[in-house]
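Let the hints inform the model, and build the full structure from the sequences given.
Taken in sequence, the protein lines are chains A and B. The working numbering runs 55 ahead of the 1-based position in the first sequence. The working numbering runs 55 ahead of the 1-based position in the second sequence.
Calculated from the structure, these hints are not laboratory results. Beta carbons: idealized from backbone N, C-alpha and C, even for Gly. Hints should not be assumed to be uniformly reliable.
[Said to hold, decoys possible] Distance condition first, Cα-Cα at most 30 Å in a straight line; then the derived DSS-like pairs of lysine-lysine: (1) A:57 <-> B:142; (2) A:142 <-> B:142; (3) B:107 <-> A:142; (4) A:142 <-> B:92; (5) A:92 <-> B:198; (6) A:198 <-> B:92; (7) A:198 <-> B:181; (8) A:107 <-> B:198; (9) B:264 <-> B:198.
[To be verified] Computed footprint of chain A on chain B, listed as stretches where at least three residues anywhere in the stretch have a Cβ under 8 Å from a Cβ of chain A: (10) 75 to 86; (11) 102 to 110; (12) 144 to 157; (13) 170 to 177; (14) 182 to 196; (15) 263 to 276.
Protein chains: 2
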Amino acid sequence: MKYELYYWPSIQGRGEFIRLALEDAGAAYVDVARRPKGMQAMMRMMESQAVKHRPFAPPFLRAGELLIAQTALILHWLAPRLGLAPKNEAARLWLHEQQLTISDWLVEVHDTHHPIGSGLYYEEQKPESERRARDFRENRLPKFMDYFEGLERGKAITYVELSLFQMVAGLRYAFPRTMQALEPQYPKLVALHERVAARPRLAKYLSSKRRIAFNPQGIFRHYPELDQ
Amino acid sequence: MKYELYYWPSIQGRGEFIRLALEDAGAAYVDVARRPKGMQAMMRMMESQAVKHRPFAPPFLRAGELLIAQTALILHWLAPRLGLAPKNEAARLWLHEQQLTISDWLVEVHDTHHPIGSGLYYEEQKPESERRARDFRENRLPKFMDYFEGLERGKAITYVELSLFQMVAGLRYAFPRTMQALEPQYPKLVALHERVAARPRLAKYLSSKRRIAFNPQGIFRHYPELDQ
Chain A
56 MKYELYYWPS IQGRGEFIRL ALEDAGAAYV DVARRPKGMQ AMMRMMESQA
106 VKHRPFAPPF LRAGELLIAQ TALILHWLAP RLGLAPKNEA ARLWLHEQQL
156 TISDWLVEVH DTHHPIGSGL YYEEQKPESE RRARDFRENR LPKFMDYFEG
206 LERGKAITYV ELSLFQMVAG LRYAFPRTMQ ALEPQYPKLV ALHERVAARP
256 RLAKYLSSKR RIAFNPQGIF RHYPELDQ
Chain B
56 MKYELYYWPS IQGRGEFIRL ALEDAGAAYV DVARRPKGMQ AMMRMMESQA
106 VKHRPFAPPF LRAGELLIAQ TALILHWLAP RLGLAPKNEA ARLWLHEQQL
156 TISDWLVEVH DTHHPIGSGL YYEEQKPESE RRARDFRENR LPKFMDYFEG
206 LERGKAITYV ELSLFQMVAG LRYAFPRTMQ ALEPQYPKLV ALHERVAARP
256 RLAKYLSSKR RIAFNPQGIF RHYPELDQ
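If you want it as structure tokens, here you go:
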């Protein structure tokens, strides 16, 4: 099976959670929108009434006849096929639940720099971003970190661990001062980040050109004024 | 199977999407936190490290040994058991994808009155709410309505249709002027709302005391200044 991933070509964003799973598994996939004319192909899928199960937004994945969107759902479906999730239902439900909480967390990261409107520029919502980012740093970020630090994890690496790696990596990029202050309280999450980063296929991916660098168009953005 | 639903006792909120499914199916369930000492029971589930698969937030559902959280996931698991979703995988994935998009939509409704911090009062973030609500009314709300209006639906009522009923009902409460102006463009969603409301068990539920009224503590809130 050769997978087709559709996501914005210039940012990690939500697509990165899928890329990490595909790369860690060494799966064959095409990152469609990063190819010539790929953006048009992606937009067509979202705009054409003829597309069955038309997605609301990227990322979405095509696997043969199947077309699915929503990051957490894609991973729920894909990961057992990649060896990144067990096949039994109870274990899969629990992973999916955690991934959905990661999705909620990620929305809150995004909204630190876009509290007023996703269609507006950051520069059009700076004072609001400063207030929202402060609430995020002081209340929401520790709440999510506490939760994931406190959960018991098995020895196996699943897509949820890959996603937690990505959260730590992204938060370090966006909020370096905040994370430096917080990390001593979260030794398990920090160790998990290191462990995932050292996985051979992922280490190779992370230092390749396929890994788009964090940048100020993504979900994780570094604005020093939001990281006081 | 007698289900236990855990959710805040004084608002519809996210719990209502589960309640609608349980009520429509005539399922036996306990709305735990609305019973004496139920709130303590709910808080204990979230705070105790001894709880396996401890939820991050309500709603969550206990069904025998299983404990699951996240509204869309609960419905994904529950609905086929209630006759509100088919059992085949492709159909279930598509319903789940739509429900996850409804969850995203609901977060954006919430953030119209809480753009800065969920722990702050509305009164502490009024100017920001007015800006965000304007963006929601003008851009995001039509985008979500267009999407769901444009999807083809089968004849069967599933939990996704119940959830779309709830979105229309809540939006009418929160944004009556906006919805009055928009609704003529969305005949299918309006008709779906009527059709769901007329289902015998649901009609009975909606006029019962079990249906908590919309109110200014919920996710859908009516502030005239946000509905210009």
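Contradicted hints - numbers only: 4, 9, 10 and 15
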